[in-house]
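Participant: Single-letter residue listing:
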Amino acid sequence: MGLKPLSDRIIVRRQEAAEKTAGGILLPDNAKNKPQRGVVLAVGPGKTLKNGTCQPLQVKAGDVVLFTAWAGDEFEDRSKSEDILIMHEEDVLAVLE
Amino acid sequence: MGLKPLSDRIIVRRQEAAEKTAGGILLPDNAKNKPQRGVVLAVGPGKTLKNGTCQPLQVKAGDVVLFTAWAGDEFEDRSKSEDILIMHEEDVLAVLE
Amino acid sequence: MGLKPLSDRIIVRRQEAAEKTAGGILLPDNAKNKPQRGVVLAVGPGKTLKNGTCQPLQVKAGDVVLFTAWAGDEFEDRSKSEDILIMHEEDVLAVLE
Amino acid sequence: MGLKPLSDRIIVRRQEAAEKTAGGILLPDNAKNKPQRGVVLAVGPGKTLKNGTCQPLQVKAGDVVLFTAWAGDEFEDRSKSEDILIMHEEDVLAVLE
Amino acid sequence: MGLKPLSDRIIVRRQEAAEKTAGGILLPDNAKNKPQRGVVLAVGPGKTLKNGTCQPLQVKAGDVVLFTAWAGDEFEDRSKSEDILIMHEEDVLAVLE
Amino acid sequence: MGLKPLSDRIIVRRQEAAEKTAGGILLPDNAKNKPQRGVVLAVGPGKTLKNGTCQPLQVKAGDVVLFTAWAGDEFEDRSKSEDILIMHEEDVLAVLE
Amino acid sequence: MGLKPLSDRIIVRRQEAAEKTAGGILLPDNAKNKPQRGVVLAVGPGKTLKNGTCQPLQVKAGDVVLFTAWAGDEFEDRSKSEDILIMHEEDVLAVLE
Numbered sequence: 000m001g002l003k004p005l006s007d008r009i010i011v012r013r014q015e016a017a018e019k020t021a022g023g024i025l026l027p028d029n030a031k032n033k034p035q036r037g038v039v040l041a042v043g044p045g046k047t048l049k050n051g052t053c054q055p056l057q058v059k060a061g062d063v064v065l066f067t068a069w070a071g072d073e074f075e076d077r078s079k080s081e082d083i084l085i086m087h088e089e090d091v092l093a094v095l096e
Numbered sequence: 000m001g002l003k004p005l006s007d008r009i010i011v012r013r014q015e016a017a018e019k020t021a022g023g024i025l026l027p028d029n030a031k032n033k034p035q036r037g038v039v040l041a042v043g044p045g046k047t048l049k050n051g052t053c054q055p056l057q058v059k060a061g062d063v064v065l066f067t068a069w070a071g072d073e074f075e076d077r078s079k080s081e082d083i084l085i086m087h088e089e090d091v092l093a094v095l096e
Numbered sequence: 000m001g002l003k004p005l006s007d008r009i010i011v012r013r014q015e016a017a018e019k020t021a022g023g024i025l026l027p028d029n030a031k032n033k034p035q036r037g038v039v040l041a042v043g044p045g046k047t048l049k050n051g052t053c054q055p056l057q058v059k060a061g062d063v064v065l066f067t068a069w070a071g072d073e074f075e076d077r078s079k080s081e082d083i084l085i086m087h088e089e090d091v092l093a094v095l096e
Numbered sequence: 000m001g002l003k004p005l006s007d008r009i010i011v012r013r014q015e016a017a018e019k020t021a022g023g024i025l026l027p028d029n030a031k032n033k034p035q036r037g038v039v040l041a042v043g044p045g046k047t048l049k050n051g052t053c054q055p056l057q058v059k060a061g062d063v064v065l066f067t068a069w070a071g072d073e074f075e076d077r078s079k080s081e082d083i084l085i086m087h088e089e090d091v092l093a094v095l096e
Numbered sequence: 000m001g002l003k004p005l006s007d008r009i010i011v012r013r014q015e016a017a018e019k020t021a022g023g024i025l026l027p028d029n030a031k032n033k034p035q036r037g038v039v040l041a042v043g044p045g046k047t048l049k050n051g052t053c054q055p056l057q058v059k060a061g062d063v064v065l066f067t068a069w070a071g072d073e074f075e076d077r078s079k080s081e082d083i084l085i086m087h088e089e090d091v092l093a094v095l096e
Numbered sequence: 000m001g002l003k004p005l006s007d008r009i010i011v012r013r014q015e016a017a018e019k020t021a022g023g024i025l026l027p028d029n030a031k032n033k034p035q036r037g038v039v040l041a042v043g044p045g046k047t048l049k050n051g052t053c054q055p056l057q058v059k060a061g062d063v064v065l066f067t068a069w070a071g072d073e074f075e076d077r078s079k080s081e082d083i084l085i086m087h088e089e090d091v092l093a094v095l096e
Numbered sequence: 000m001g002l003k004p005l006s007d008r009i010i011v012r013r014q015e016a017a018e019k020t021a022g023g024i025l026l027p028d029n030a031k032n033k034p035q036r037g038v039v040l041a042v043g044p045g046k047t048l049k050n051g052t053c054q055p056l057q058v059k060a061g062d063v064v065l066f067t068a069w070a071g072d073e074f075e076d077r078s079k080s081e082d083i084l085i086m087h088e089e090d091v092l093a094v095l096e
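Chains as they are written, first to last, in numbering that gives the first Met the number 0: chain A, 0 to 96; chain B, 0 to 96; chain C, 0 to 96; chain D, 0 to 96; chain E, 0 to 96; chain F, 0 to 96; chain G, 0 to 96.
Be careful, since some hints might not be right.
[Unchecked claim] Derived DSSO-like pairs: lysine-lysine, alpha-carbon spacing no greater than 30 Å straight-line:
{"#": "1", "chain 1": "B", "residue 1": "K46", "chain 2": "G", "residue 2": "K49"}
{"#": "2", "chain 1": "G", "residue 1": "K79", "chain 2": "A", "residue 2": "K49"}
{"#": "3", "chain 1": "D", "residue 1": "K49", "chain 2": "E", "residue 2": "K46"}
Quick caveat, the hints were computed from the structure, so don't treat them as lab data.
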C-alpha cells in the first residue's frame with residue numbers, strides 16, 4: 000500500500016456488502032448512505048499515552064469492519080475506483096468474524 | 000452473530016414492546032420515536048483504561064435493555080427485517096429484570 | 000418495578016405538586032413546563048471511578064426530588080398513565096425532607 | 000425550608016435590591032434582567048472529589064450573594080410569591096458583607 | 000467595598016482611558032466596544048485546586064488591568080454611575096505598570 | 000526555510016498529486032477541495048507534557064503526508080506561488096513511503 | 000512598554016510583511032485578512048501548572064512570529080497607529096529566524 004497511518008489511525012477500503020456473510024447483510028438504515036463497511040488495509044502503531052507508552056490497536060490488517068457513518072477522511076484511488084478512508088480506531092464499531 | 004464489538008460497545012436488536020413485561024409497558028414519550036428497547040446480542044471486551052487495564056461491561060448478552068433515543072449507529076439486517084444497533088454501554092439506561 | 004438502572008442513573012416517577020408540602024409549593028417558573036418533581040423508584044449502583052471503585056449514590060428509593068428541566072429520557076407507562084424518567088443523579092437539584 | 004440541595008448546589012431566594020447596602024446598589028447592566036442577587040437559604044454538603052473526599056462550600060445559609068445571569072434552575076413558591084433558584088456554588092460571583 | 004469575590008474572581012471598575020499612560024492609549028480595535036480596561040477593586044482568595052490547596056491570584060487590588068471583550072458579569076452602581084465587572088482572573092490580559 | 004514551528008506544529012508545502020506514487024493516486028473525495036497532501040518542510044520540538052518532558056514528533060522534514068481537509072493555517076508564499084500550511088501533527092493522517 | 004502580560008500571554012505588534020525575509024513573503028491565503036505576523040513586545044511569566052510550578056514560555060521579546068487568524072484580543076495604540084494583540088502563546092504558529 001505504501002501508506003503508513005499515524006498514531007491510532009487505520010486505513011480502510013470501503014466495501015459493498017454484496018454477498019451474505021456470517022454477520023448477515025447489515026446495511027445502514029438510511030439507504031442513501033454509503034456502506035459503513037470495509038477491509039482494513041493498514042494500522043498505525045497506536046496512540047502514545049501520557050506516560051510515554053504506546054497503546055497498540057485492537058484491529059489488524061485484513062479485518063472486515065463496520066464503522067460509524069461519519070468515520071474518517073475519505074480519499075479516492077482513481078487507478079482502482081476505490082474509496083479509501085483514514086479513520087481513528089474508535090470509529091470502528093465491530094469486527095466481522 | 001459473527002460480529003464482535005470493539006471496546007465498550009454492545010450490539011442490540013431493537014424490540015417492539017408487544018407484551019406486558021415485569022417492567023410494565025414503557026414507551027418513549029413521543030409516539031413517533033422508534034422503541035428504545037432491545038435485546039443485547041453481543042458485548043465488547045470493555046474500555047481500555049489509561050493504566051492499560053480493561054474495564055469489563057455491566058450488561059451481558061441476553062439482557063433486555065432500555066437505551067437513549069440517540070443511541071448508536073443503526074443497521075438493517077435485510078434477511079430478517081431487523082434493526083440492529085451498535086452503541087456504547089453508557090447509552091444503556093436500565094436493564095429489565 | 001423490574002427495572003435496574005445502570006451506573007449513576009436513577010428512575011423517577013414524575014409527580015404533580017398537588018398538595019402543600021414541607022418544601023412549599025415549588026413550581027417551575029415557566030408554567031408550560033412539566034413538573035420538575037418526582038419520586039425515586041430505583042437507583043443504580045453508582046459510577047465506576049477510574050481507579051475501579053464504585054461511588055454510591057446520595058439519593059435513595061422513596062426520596063422526593065426536584066430535578067432540572069432537561070433531566071433524563073422520558074418513557075410513558077401506559078398501564079398507569081405515568082411519566083417515568085431515567086436520569087443521571089447529577090440532574091437532581093435537591094431532596095425534599 | 001425542607002429542601003436539601005445535593006452536592007455543590009445551593010438554594011437562593013431572589014431579592015430586590017430595594018435599599019442601599021454596604022455594597023452599594025448594584026444592578027445588572029441590562030435593566031430588563033431580573034435581579035442577580037439573593038439570600039442563601041440552604042447549601043449542599045459539597046462536591047465529592049475523585050479521591051472520595053467532600054469539598055465543603057464557601058458560602059453559607061444567610062449570605063447575601065450576587066450570581067451570574069444564567070444561574071440555576073428557577074422555581075416559584077406560589078404561597079409566598081417568591082423566586083427560588085437552585086444553582087451550583089460556582090455561579091455565585093461574590094458575597095456582600 | 001463590602002463585596003467579597005469567591006474563588007478566582009476579581010471585581011473591576013471599568014475605566015475610560017482618558018489620559019495617556021505609561022502603556023500608551025490602548026483602545027479596543029472596534030470603537031463601538033466599551034473600554035476593556037479598569038481598576039481592580041477586590042480579589043478572591045484564589046481557586047481551590049483538586050488537592051485542596053488554594054492557588055492565590057496574581058493581580059491585586061489597585062492594579063490597572065486590560066481584559067477580554069467578553070469578560071465578566073456586568074453590574075451598574077447607580078449611586079456612582081459606574082460599571083462594575085466581576086470576572087475570572089483568567090479574563091485579565093495584562094497589568095499596566 | 001527560516002521558520003521554526005512551535006510545540007507540536009509542523010510546516011507543510013501543499014503538493015499536487017501529479018504522478019502516480021507507491022501510494023496510488025489518492026485524491027479527496029470531493030474534487031473541489033484542495034489536495035490534502037504535501038511535503039513536510041520543518042517540525043517543532045514536540046509538545047511539552049504536564050510533567051515537563053517534551054514528546055518528540057513522529058513525522059520529520061522530507062516526509063510526504065496526507066492530512067485532514069481542515070488542517071492548519073494557510074499562508075501563500077508569493078515568491079514561489081506555493082501554499083504553505085502550519086498544522087498540528089495530529090492533523091496528519093498518514094505518511095507515504 | 001509598561002504592559003505586563005499575565006500567565007502564558009504575550010503582547011505582539013502586528014507587522015506588515017513589507018520586505019522579503021529569510022522566511023519568504025508569507026501572506027494569509029485570504030488577502031482580505033490582516034497580516035498574521037508581528038513582533039513580540041512582552042511575554043508573561045508562563046502558565047502555572049496544577050502542581051504549582053510555572054512553565055516558562057518558548058518565545059521571547061523581539062521574536063518575529065506568525066500566529067493564527069483568530070489570535071488574541073486586539074487593541075489600537077492611537078498615538079502610533081499600531082495594532083497591538085494580546086494572545087496566548089499557543090496561538091503562535093512559528094518563529095522566523
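Participant: Hint by hint, note whether the structure agrees.
Facilitator: Each hint tested on the structure:
no. : hint             : result
1   : B/K46 with G/K49 : holds (27 Å)
2   : G/K79 with A/K49 : violated (46 Å)
3   : D/K49 with E/K46 : holds (17 Å)
Consistency note: the structure conflicts with earlier hint 2 alone.
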